[in-house]
Amino acid sequence: MCSMRLWSLHPEHLDRQGLTGCWREALLAQAVLAGRTRGYRSHSQLVRFREHSQPLTAIGAYLDVLADEATRRGYRFDRSRIGDGRDVPEVRDGVLGSVPVTEGQVAYEWEHLLAKIAARSPDWSDHLAALESPGVHPLFEVVPGGVAQWERVAG
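Position 123 of the sequence shown, counting from 1, maps to 123 under the numbering used here, and the rest follow consecutively.
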């Protein structure tokens, strides 16, 4: 099974491989939510987007922020592949409705990311180690709670 990862963490924390991988996986998620592919329809990472009042707008806004980060780093992600949600001020300003993410989920993802990056990008790992706490993707609002029920915790 694909280990699709739609990070709750701000994309500025992702190394090159993480950012490009997240972009590809979010495009796949967009296709699933739009009904353009049969695969991964029941993937746990899609739950929070499906629960949003406007799932395609939410995933589009998610992709837009990834593309912003790519541009900031000098990469070129093809924004024409983003459906709804591109530069939607209502999403960025929380008017449309942010997606809740629990403190426990953010902590779990942070530890997961640190472990992945330590193995593949030691220089980026050093950069992240200097941070006190991670920021989250602007689509998400941090709320109290443990690891999300939809998360498949590695044991």
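Please keep in mind that the hints were generated in silico from the structure rather than gathered at the bench.
Beta carbons: idealized from backbone N, C-alpha and C, even for Gly.
Check each hint, because a few of them may be wrong.
Said to hold, decoys possible - Across the chosen pairs, the derived CB separations fall in these ranges:
#: 1; residue 1: R72; residue 2: S42; range: 17 to 27 angstroms
#: 2; residue 1: S133; residue 2: V47; range: 19 to 29 angstroms
#: 3; residue 1: T37; residue 2: S80; range: 14 to 24 angstroms
#: 4; residue 1: R72; residue 2: Q149; range: 26 to 36 angstroms
#: 5; residue 1: A129; residue 2: R36; range: 18 to 28 angstroms
#: 6; residue 1: Q149; residue 2: R76; range: 18 to 28 angstroms
#: 7; residue 1: D126; residue 2: G39; range: 22 to 32 angstroms
#: 8; residue 1: L131; residue 2: G104; range: 30 to 40 angstroms
#: 9; residue 1: A115; residue 2: T20; range: 15 to 25 angstroms
#: 10; residue 1: D126; residue 2: A34; range: 18 to 28 angstroms
#: 11; residue 1: H10; residue 2: D126; range: 14 to 24 angstroms
Of the hints given before, which are not true for this structure? Hint check: 1, 5, 6, 7, 8, 10 fail, others pass.
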